[in-house]
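Participant: Chains as they are written, first to last, in the working numbering: chain A, 1 to 585; chain B, 1 to 585.
Please keep in mind that the hints were generated in silico from the structure rather than gathered at the bench.
All residues carry an ideal CB built from backbone N, CA and C; glycine is no exception.
Hints should not be assumed to be uniformly reliable.
Here are the computed distance ranges between Cβ atoms for each label pair [claimed, not checked]:
{"no.": "1", "chain 1": "B", "residue 1": "R465", "chain 2": "A", "residue 2": "P29", "range": "27 to 37 Å"}
{"no.": "2", "chain 1": "A", "residue 1": "D451", "chain 2": "B", "residue 2": "S319", "range": "22 to 32 Å"}
{"no.": "3", "chain 1": "B", "residue 1": "D451", "chain 2": "A", "residue 2": "V370", "range": "29 to 39 Å"}
{"no.": "4", "chain 1": "A", "residue 1": "E375", "chain 2": "B", "residue 2": "S319", "range": "20 to 30 Å"}
{"no.": "5", "chain 1": "A", "residue 1": "Q31", "chain 2": "B", "residue 2": "A404", "range": "19 to 29 Å"}
{"no.": "6", "chain 1": "A", "residue 1": "E568", "chain 2": "B", "residue 2": "A50", "range": "50 to 60 Å"}
{"no.": "7", "chain 1": "B", "residue 1": "E526", "chain 2": "A", "residue 2": "P29", "range": "27 to 37 Å"}
{"no.": "8", "chain 1": "A", "residue 1": "Q31", "chain 2": "B", "residue 2": "L138", "range": "50 to 60 Å"}
{"no.": "9", "chain 1": "A", "residue 1": "K560", "chain 2": "B", "residue 2": "S319", "range": "49 to 59 Å"}
{"no.": "10", "chain 1": "B", "residue 1": "W537", "chain 2": "A", "residue 2": "Q31", "range": "33 to 43 Å"}
{"no.": "11", "chain 1": "A", "residue 1": "D164", "chain 2": "B", "residue 2": "R405", "range": "43 to 53 Å"}
{"no.": "12", "chain 1": "B", "residue 1": "A50", "chain 2": "A", "residue 2": "P7", "range": "33 to 43 Å"}
Okay, derived cross-link-like pairs now, BS3-like style, lysine-lysine, Cα gap no bigger than 27 Å in a straight line [claimed, not checked]:
{"no.": "13", "chain 1": "A", "residue 1": "K145", "chain 2": "A", "residue 2": "K430"}
{"no.": "14", "chain 1": "A", "residue 1": "K22", "chain 2": "B", "residue 2": "K401"}
{"no.": "15", "chain 1": "B", "residue 1": "K22", "chain 2": "A", "residue 2": "K401"}
{"no.": "16", "chain 1": "A", "residue 1": "K383", "chain 2": "A", "residue 2": "K536"}
{"no.": "17", "chain 1": "B", "residue 1": "K159", "chain 2": "A", "residue 2": "K383"}
{"no.": "18", "chain 1": "A", "residue 1": "K22", "chain 2": "B", "residue 2": "K383"}
{"no.": "19", "chain 1": "A", "residue 1": "K366", "chain 2": "B", "residue 2": "K22"}
Protein chains: 2
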Amino acid sequence: MQDRTYPEFSTRYPLLVTTLMKRPVSLYPEQIGVVYRNHVSGEYTRLTWAGWHERVCRLANALRGPLAVSPGQPPRLGDRVGTLAFNTHRHLELYYAVPGIGATLHAVNIRLSPEHITYTIRHAQDRVLFVDDIVLPLLEGIWDKVSDVVRTVVYMSDKPGLPDTRIPNLIHYEDLLAAQPPEHEWAYLDEDTNATLCYTTGTTGLPKGATFTHRQLYLMTLHILAAQNMSNTPAHISREHLGENAVPMLNTPLFHAHGWGAPFFCVFSAQKIVLPGSFTVKGFCELVQTERVTSVSVVPTIAAMLLEYPQLHEYDLSSLTRVGVGGGALPLGLKTKLEKLLPSFQVSSGYGMTESAPAAVNAFVKKHMVDWGKERLDGVLVKTGVPMPGLEVQVVDEAGKPVARDGASIGEIVMRGPWITEKYYDNPEKTAEVWYDGWFHTGDIATVDADGFIVIADRIKDVIRSGAEMVPTVLLENLIAMADFVLEATVVGAPDPVWGERPLALVRLRPGHDAGATDVVDFLFEHGVQTGRITKWMVPRLITLTDDIPRTSVGKFNKKAVRDRIDEYVAQAVDVSEHVGKTQG
Amino acid sequence: MQDRTYPEFSTRYPLLVTTLMKRPVSLYPEQIGVVYRNHVSGEYTRLTWAGWHERVCRLANALRGPLAVSPGQPPRLGDRVGTLAFNTHRHLELYYAVPGIGATLHAVNIRLSPEHITYTIRHAQDRVLFVDDIVLPLLEGIWDKVSDVVRTVVYMSDKPGLPDTRIPNLIHYEDLLAAQPPEHEWAYLDEDTNATLCYTTGTTGLPKGATFTHRQLYLMTLHILAAQNMSNTPAHISREHLGENAVPMLNTPLFHAHGWGAPFFCVFSAQKIVLPGSFTVKGFCELVQTERVTSVSVVPTIAAMLLEYPQLHEYDLSSLTRVGVGGGALPLGLKTKLEKLLPSFQVSSGYGMTESAPAAVNAFVKKHMVDWGKERLDGVLVKTGVPMPGLEVQVVDEAGKPVARDGASIGEIVMRGPWITEKYYDNPEKTAEVWYDGWFHTGDIATVDADGFIVIADRIKDVIRSGAEMVPTVLLENLIAMADFVLEATVVGAPDPVWGERPLALVRLRPGHDAGATDVVDFLFEHGVQTGRITKWMVPRLITLTDDIPRTSVGKFNKKAVRDRIDEYVAQAVDVSEHVGKTQG
Chain A
1 MQDRTYPEFS TRYPLLVTTL MKRPVSLYPE QIGVVYRNHV SGEYTRLTWA GWHERVCRLA
61 NALRGPLAVS PGQPPRLGDR VGTLAFNTHR HLELYYAVPG IGATLHAVNI RLSPEHITYT
121 IRHAQDRVLF VDDIVLPLLE GIWDKVSDVV RTVVYMSDKP GLPDTRIPNL IHYEDLLAAQ
181 PPEHEWAYLD EDTNATLCYT TGTTGLPKGA TFTHRQLYLM TLHILAAQNM SNTPAHISRE
241 HLGENAVPML NTPLFHAHGW GAPFFCVFSA QKIVLPGSFT VKGFCELVQT ERVTSVSVVP
301 TIAAMLLEYP QLHEYDLSSL TRVGVGGGAL PLGLKTKLEK LLPSFQVSSG YGMTESAPAA
361 VNAFVKKHMV DWGKERLDGV LVKTGVPMPG LEVQVVDEAG KPVARDGASI GEIVMRGPWI
421 TEKYYDNPEK TAEVWYDGWF HTGDIATVDA DGFIVIADRI KDVIRSGAEM VPTVLLENLI
481 AMADFVLEAT VVGAPDPVWG ERPLALVRLR PGHDAGATDV VDFLFEHGVQ TGRITKWMVP
541 RLITLTDDIP RTSVGKFNKK AVRDRIDEYV AQAVDVSEHV GKTQG
Chain B
1 MQDRTYPEFS TRYPLLVTTL MKRPVSLYPE QIGVVYRNHV SGEYTRLTWA GWHERVCRLA
61 NALRGPLAVS PGQPPRLGDR VGTLAFNTHR HLELYYAVPG IGATLHAVNI RLSPEHITYT
121 IRHAQDRVLF VDDIVLPLLE GIWDKVSDVV RTVVYMSDKP GLPDTRIPNL IHYEDLLAAQ
181 PPEHEWAYLD EDTNATLCYT TGTTGLPKGA TFTHRQLYLM TLHILAAQNM SNTPAHISRE
241 HLGENAVPML NTPLFHAHGW GAPFFCVFSA QKIVLPGSFT VKGFCELVQT ERVTSVSVVP
301 TIAAMLLEYP QLHEYDLSSL TRVGVGGGAL PLGLKTKLEK LLPSFQVSSG YGMTESAPAA
361 VNAFVKKHMV DWGKERLDGV LVKTGVPMPG LEVQVVDEAG KPVARDGASI GEIVMRGPWI
421 TEKYYDNPEK TAEVWYDGWF HTGDIATVDA DGFIVIADRI KDVIRSGAEM VPTVLLENLI
481 AMADFVLEAT VVGAPDPVWG ERPLALVRLR PGHDAGATDV VDFLFEHGVQ TGRITKWMVP
541 RLITLTDDIP RTSVGKFNKK AVRDRIDEYV AQAVDVSEHV GKTQG
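Pulled out of the complex, with its shape left as it was, chain A reads as follows:
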C-alpha cells in the first residue's frame, strides 16, 4: 500500500453543508446556539449547540429509517423533502438533516397562491412534507391535489398530540425524534449531491425550481464570510454584527432563497441564532430585548410597521447595532425616523435572486470612501454595490458586450460562478431561456458607474418602451420614494396612442401628508432632472395617488397585476402633462 493517497480527504475533500454545522457543535457544545420564540403562544425554546445537533442527528436517523428517504447520487437527486414552515428551530434542523443524508430540501414558499403551492409540491414530487401546526389548514386545503405524490406528513408543533385532520397517518415531529438514537455519522457525500430546490415566485408564470448542490451552498457561505472580512469598515459602522458574539435574528423566511444565506453563514460563525417564527412587531421587540439581538435584516414595510408600534418605547432595543434594510428603496422619511430610534442603524442594499442562492451583488465601501461622512456614505450604500468576490457579474448590451461604466448606459445583468444554479429542476426549456452563451441571464436591467457599482434599473419585462426609448421604472420608483411625503411608489407603462407606452406612477402617501400629483412632479424635477439622474421626458405624465397597489407573495409590488388593472388606474390618475410642460428641467 505504499502508493496509497487519500484524495477524498485532501484534494477532493468534499465541500458539504454538514461541515458548517460541525464547527459550533465542536467549539461551543454547552452554549445556547438556537433560540426560537413561537409567535402565536409567545413560548421560548432554547437549545445548546450539542442539544440542537442531537436533534439534527435524530432527524437524520428518522429520515433514513422510518421515513425511508433515499439519498441521491449525482446527477440524480435524492428524494425531495418539503417543508411548510416558518422560522423555527425545527426548520433549521431540517436545513441540515435533509441535505446531510443526501436528500433534497424543498422549503415550500407558503406565501404563494394555493395553486402554485400545489404545483411546486407536485413538480418537486415531495415524498415527505414537514408542516407547522399553524400551516396545517393550508395543507388540508390542497391535500386532495397532492396526496398521490406525498407519502408521509410530519406535524411540527410545540404542543404534544395530533390534531383532528383528514390527512392520514400524521406523525408528530417530536415523537419521531424521540424514537431515534441521538447520534448520526454524517456521510462524506459527493459534494455535487443536490442539497436544495428553491422555487421562484413565478409572478409571470409557473414557479421554477432552482437546484443547488452542497458544494454550491458551502462556497456561497465561504464567499459571504470572506466578503464581510474584506470590506472596509468606516469608523461609524460597527462590526459587532459580525463574528461569534453577534446575535442575529432571522426575519427573512427560510423558504425565501435560503433565508438569504443566514442559516448557513450564521451557523458556521457559531453565532447565537434567534428565530421568530413569522414576523410580528411584538415578537421582534421582545426577542431583541430578551436575547440582546445585535443584527436584523428587514424590508422597508417591516421597518414602517415597527415605527408605528405604540408600545415600541417600552422595549430596550439598545443591543441592535445593525439593522440592514433590503428588498426595496428606503423612503427618506423612514430612514430619518429609524436613525432617531436606532443611532447605529445602517442602510445597506444588496441584489440577488433565488437562482443566485441568493448572494450576487452587495453594498460595499471602497477604499477611498472609508473617511466619508455618514450621509455621503449612505448614498453609496443604497445603490446596490459590487459583485460578490469569486462571482463574475457583468452588465451587457444586446451584443453581450459590457456596457460603459458611465452610470447611464443600460444593459442586462448576467452572471456565472460557483453558486449560480445550474438548472431548473426538470425544466430544460426554462433553463435554456436563462443559460446561454456561457452566462446566466437575470432579466434585470442595470447601469454601472465609474466605481463599478451596479445600479438596478428595471426588470426587462417591466421596462416601459416609450417611443424609441426605454424608461427605467425602478430608478423612477426609488426617486419618488425619497420624497418625505411618499411611503412607496411603483411605475408601470400605460398604453399611449402616440408613444406606445407612457409611464404611470402609482404613489402611496405617508399618513398625515396631503401632497398632490404636482408635488411628485416637482420633487422629480428637483431631485431627478436637475441632478442628472433622469431626463425630463422620463417624468410620468400620469400620477395616481392610491393605497391600493397589489403585491406579490414576498411583499413586492406585483406589476403584472397592476398592468391587468391598468384601465382602472389610468381612470384614477391625474394628468400632469401641463405642469410638466411648464416646469424647467
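Knowing the structure of chain A, use the given hints to seat chain B on it.
Facilitator: Showing chain B alone in chain A's frame:
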C-alpha cells in the same frame, strides 16, 4: 440546444488561483497595489494593480511562448518552474503567472544547503529557473549539477543588462516581458491542476515536495478570510490589519510554505502589498514609514533585531497596528519591550506546516474571552489555538482515538481537509509514512485543553523518552523562554545509563543578564511545577548556558545537529540534580 446547461460556469465552476488576482484588478486598477523595495539598493518599484497585472499577463505569454512551458492535465503535473528569489514584485508575478498557465511553481528554498537545493531542483525537474541577481552566485555554484535538467535561466534584476556568468543563454526578465503582448486570456483550468510544489526543509532527511492544486490554494485562502471574519475581536485589538485598507508587509519568504498564504489572501483582499526583498532592519523601518504599513508577521529573532536597532527612534512606526509574532515562543522580556515601542502590538500564535499549505491551527478568542484584559488574553493567544474552520484536526493516542481535553494527555496531531497536501511529488514511500488510516500524520505532539486549544508539546522524533515517560521538550522550551533573563532555549535528550535519556537544556541568556543554571531551575519550579504545567521529574538536571546553538535554514533550532554534538554540550553542562532534589515542587 434546449437542454444546454453550463456546469463549468455553475456547479463545477473551477476554483482557481487566477480568480484571486482578478478582484483587485477589477476594483482598483489605477491604485498602487504592489510596492517593492530592493533591500540592496534601497530603490522602490511601485505598481498599480493594472500595471502589475499587465506584467503577469506578459509573463504568462512568455511562459507559453518562448519559454515553451507546458501546462498539466490532472493527475499529470505541468512543467515545473523554479524560482530562486526573495520577496519581490517579480516573485509575486511568478506566483500567479506560472499556476495561471497550468504549470507548477517551485519556489526553491534558497536557505537550504547547496546539496539540498540541488536535490530539490533535480527532483522537481525544474525546466526553467527564475533567479534574483543577488542569488545568481548560488546558482552558479551548483550549475554543473543541475544544467542537464534546467533548460532556461531567467535573470531578475532592477538593472538592465546581463552579468558575466558561466550559465549559458541567460535571459533578462524585463526583456522577456517587454517582448510580449500585455494581455492574456486566463484559461478556465481544471481546478485539480497542480499549482505549486513546496519542499520541506528536510532537517532529518532529504526534502520532500508537497503538492498543491489550484482548488486547494483557493480554498485555503477563502477559509483564512472566513476565519478572520468569524473570530471575536476584543475591544483592545484593532481590526485595521484586515480589510482593504490594511497595508501588509510580507516578511515571510515566499519560498516558505506559500509565504504563510499572504500572496493569496492579501491579493484577494485588494490590500496594498509591501515587499521588502529580504528582511533588513533598515528596510523594515523605512517601509513602515513610507508605505504606512499596518501589519507584519515576524519571528522572535527578527523582533529582537528590531529592538536593538540604534536608529529605531528616527522612524515613524505609528501606522503599525498589528505585529504578529509566530514561529517560536516569545520571551517575556521581548514582549514587554515590544509593547512599550508599539502600543498596539499583539502576540498571536499559529501552527502549520508546509504540508498544510500552511494554515492549520490559529490563535483564537473564544466568546467568553472577549471581555478579558490584555494580559489574560495574551496567555490564550500564545497557546497556538483552534483548528481552522473547515479543517479536521485531532490529537490522537497511539490507537488513533482523540485524547482527553484535559491539557495533559499527549497525542499526535493528525489532520485532513480541503487544503492538506495529497502527496509528496514522486515519493510514494514518504507519502505512505504520513498518510494512513485516512489521516495525515504530522509527527507533532500536543495536548488539548478544555477550551479545545491545541498546545504543541513536541516533535515525535524530538520527544525525550525518560524511563517509561515522555518529556515534552517544546513545553519546557517555551516555559524557560518566559524567564526575563532568557533569550531562547532548547531541550534535547542526553544519554543516561539509568533512564535511557534525561533532558538537557541549552539556554541562551539575554545580553546583560548573568543568571545561572539554578535560576533556570527555580524559574521552572515557580512557573512550571507549582502551576501544574509540568511535573518535577521533567525538570532538566543538565543545563548548558551557551550562545552556540545550531539552527536550521528557517531559523529554528536544529535539534538533530545538537544531538550530533551532544557530548560536547554535556561536557559544558552544569549538573543541577542536587538543587532540583532539594527544591519543593
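Participant: Give a verdict on every hint.
Facilitator: Here is what the structure says about each hint:
{"no.": "1", "hint": "R465/B - P29/A: 27 to 37 Å", "result": "holds, 35 Å"}
{"no.": "2", "hint": "D451/A - S319/B: 22 to 32 Å", "result": "holds, 26 Å"}
{"no.": "3", "hint": "D451/B - V370/A: 29 to 39 Å", "result": "holds, 35 Å"}
{"no.": "4", "hint": "E375/A - S319/B: 20 to 30 Å", "result": "holds, 28 Å"}
{"no.": "5", "hint": "Q31/A - A404/B: 19 to 29 Å", "result": "holds, 21 Å"}
{"no.": "6", "hint": "E568/A - A50/B: 50 to 60 Å", "result": "holds, 55 Å"}
{"no.": "7", "hint": "E526/B - P29/A: 27 to 37 Å", "result": "holds, 35 Å"}
{"no.": "8", "hint": "Q31/A - L138/B: 50 to 60 Å", "result": "holds, 54 Å"}
{"no.": "9", "hint": "K560/A - S319/B: 49 to 59 Å", "result": "holds, 56 Å"}
{"no.": "10", "hint": "W537/B - Q31/A: 33 to 43 Å", "result": "holds, 38 Å"}
{"no.": "11", "hint": "D164/A - R405/B: 43 to 53 Å", "result": "holds, 50 Å"}
{"no.": "12", "hint": "A50/B - P7/A: 33 to 43 Å", "result": "holds, 38 Å"}
{"no.": "13", "hint": "K145/A - K430/A", "result": "holds, 24 Å"}
{"no.": "14", "hint": "K22/A - K401/B", "result": "holds, 18 Å"}
{"no.": "15", "hint": "K22/B - K401/A", "result": "holds, 18 Å"}
{"no.": "16", "hint": "K383/A - K536/A", "result": "holds, 22 Å"}
{"no.": "17", "hint": "K159/B - K383/A", "result": "violated, 47 Å"}
{"no.": "18", "hint": "K22/A - K383/B", "result": "holds, 23 Å"}
{"no.": "19", "hint": "K366/A - K22/B", "result": "holds, 16 Å"}
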